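Work out the full structure, taking the sequences as your base and the hints as a guide.
There are 2 protein chains.
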Amino acid sequence: MKWDTLENEPCPVARGLSVLGDRWTMMVVRDCFLGIRRFDQMQQRLGITRHVLADRLRKLETAGVLRRDPYQDRPVRYEYRLTEQGKALYPILVTLIDWAEENVPPKTVTAMTILSQETGRPIDPILVDSNTGNPITHRNVTVRKTG
Amino acid sequence: MKWDTLENEPCPVARGLSVLGDRWTMMVVRDCFLGIRRFDQMQQRLGITRHVLADRLRKLETAGVLRRDPYQDRPVRYEYRLTEQGKALYPILVTLIDWAEENVPPKTVTAMTILSQETGRPIDPILVDSNTGNPITHRNVTVRKTG
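Quick note, the sequences are listed as chains D and C, same order.
Numbering-wise (the numbering used here), the first sequence opens with residue 12 and increments by one.
Numbering-wise (the numbering used here), the second sequence opens with residue 12 and increments by one.
Take the hints with a grain of salt, since some may be wrong.
Computed cross-link-like contacts, DSBU-like style, restricted to lysine-lysine with a CA-CA straight-line distance of at most 30 Å [stated by the list, open to error]:
#1 Lys156/D - Lys98/D
#2 Lys13/D - Lys70/D
#3 Lys118/C - Lys13/D
#4 Lys156/D - Lys118/C
#5 Lys70/D - Lys70/C
#6 Lys13/C - Lys70/D
#7 Lys156/D - Lys13/C
#8 Lys118/D - Lys70/C
#9 Lys118/C - Lys13/C
#10 Lys13/C - Lys13/D
#11 Lys98/C - Lys156/C
#12 Lys98/C - Lys13/C
#13 Lys70/C - Lys98/C
#14 Lys156/D - Lys156/C
#15 Lys156/D - Lys118/D
#16 Lys98/C - Lys156/D
#17 Lys70/D - Lys156/C
#18 Lys13/D - Lys98/D
#19 Lys118/D - Lys98/C
#20 Lys118/C - Lys70/D
#21 Lys70/C - Lys156/D
#22 Lys118/D - Lys13/C
#23 Lys13/C - Lys70/C
#24 Lys156/C - Lys13/D
#25 Lys13/D - Lys156/D
Everything labelled a hint here was simulated from the structure, so no lab data went into it.
The structure displayed is predicted, hence computed values, not measured ones.
Structure below.
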């Protein structure tokens, strides 16, 4: 397998990572969910080079995760917004946060808590099978190879 | 931010990615969930260099995601197995697969389908708040900054 052609792999993990698996990409997605839309803001927050940020934004746009809207003429400047495909990444971000809070303890206080608007309390995310409502774990599923 | 010190960031996304965000790392985790335990098997399946694979395995072991068990003496050889921390990555893998199946269409047939042992049908994973049983989306939560 080559990283640059992962999107051609039959495995969905490989195809997902062809879009999301580069360093910084999910940090860019995080910022988009936090309402950060402009290149300079992102660059300042992430402290990465303009070159790397431009590369990640371009790939996310090509993959249909972000769209670019002009917000200024002369010179033209763009805002980046999540498409529906991009918004569909939210469960990945939430499961990543949940895992990190449990397994990569912060050196100081954690930066964010996600609260349910319904209960006002921190969410407790679990993955369930919508067909049954029961939790999905690696112990109660079977992987069928189809490729 | 520097990639090598992401684990010190207060943001849980950054901390999670300090463990999982390098190229190939989640592919290694995928193989572990598929029961692949030995270095040579992984290397053959992934087609990456021994150097990169050894680096990713060492980082995952240091982070407590994998443990290394000897299965042979002279020379000593090791198997890699998911710890409880590693098994807790399953929801991230499932949400990644689900997103990729919807949004990164395969060029050929997809390689795997995850079936519920309870229903025998493909799972339909959704993320819910265990406090209410209701789905979690970016529209029904609030992020509270605590750092």
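Hints and how they fare:
no.: 1; hint: Lys156/D - Lys98/D; in the structure: holds (29 Å)
no.: 2; hint: Lys13/D - Lys70/D; in the structure: holds (17 Å)
no.: 3; hint: Lys118/C - Lys13/D; in the structure: holds (16 Å)
no.: 4; hint: Lys156/D - Lys118/C; in the structure: holds (16 Å)
no.: 5; hint: Lys70/D - Lys70/C; in the structure: holds (27 Å)
no.: 6; hint: Lys13/C - Lys70/D; in the structure: holds (21 Å)
no.: 7; hint: Lys156/D - Lys13/C; in the structure: violated (39 Å)
no.: 8; hint: Lys118/D - Lys70/C; in the structure: holds (19 Å)
no.: 9; hint: Lys118/C - Lys13/C; in the structure: violated (36 Å)
no.: 10; hint: Lys13/C - Lys13/D; in the structure: holds (26 Å)
no.: 11; hint: Lys98/C - Lys156/C; in the structure: holds (29 Å)
no.: 12; hint: Lys98/C - Lys13/C; in the structure: holds (28 Å)
no.: 13; hint: Lys70/C - Lys98/C; in the structure: holds (16 Å)
no.: 14; hint: Lys156/D - Lys156/C; in the structure: violated (43 Å)
no.: 15; hint: Lys156/D - Lys118/D; in the structure: violated (41 Å)
no.: 16; hint: Lys98/C - Lys156/D; in the structure: holds (21 Å)
no.: 17; hint: Lys70/D - Lys156/C; in the structure: holds (29 Å)
no.: 18; hint: Lys13/D - Lys98/D; in the structure: holds (28 Å)
no.: 19; hint: Lys118/D - Lys98/C; in the structure: holds (24 Å)
no.: 20; hint: Lys118/C - Lys70/D; in the structure: holds (19 Å)
no.: 21; hint: Lys70/C - Lys156/D; in the structure: holds (29 Å)
no.: 22; hint: Lys118/D - Lys13/C; in the structure: holds (16 Å)
no.: 23; hint: Lys13/C - Lys70/C; in the structure: holds (17 Å)
no.: 24; hint: Lys156/C - Lys13/D; in the structure: violated (39 Å)
no.: 25; hint: Lys13/D - Lys156/D; in the structure: holds (21 Å)
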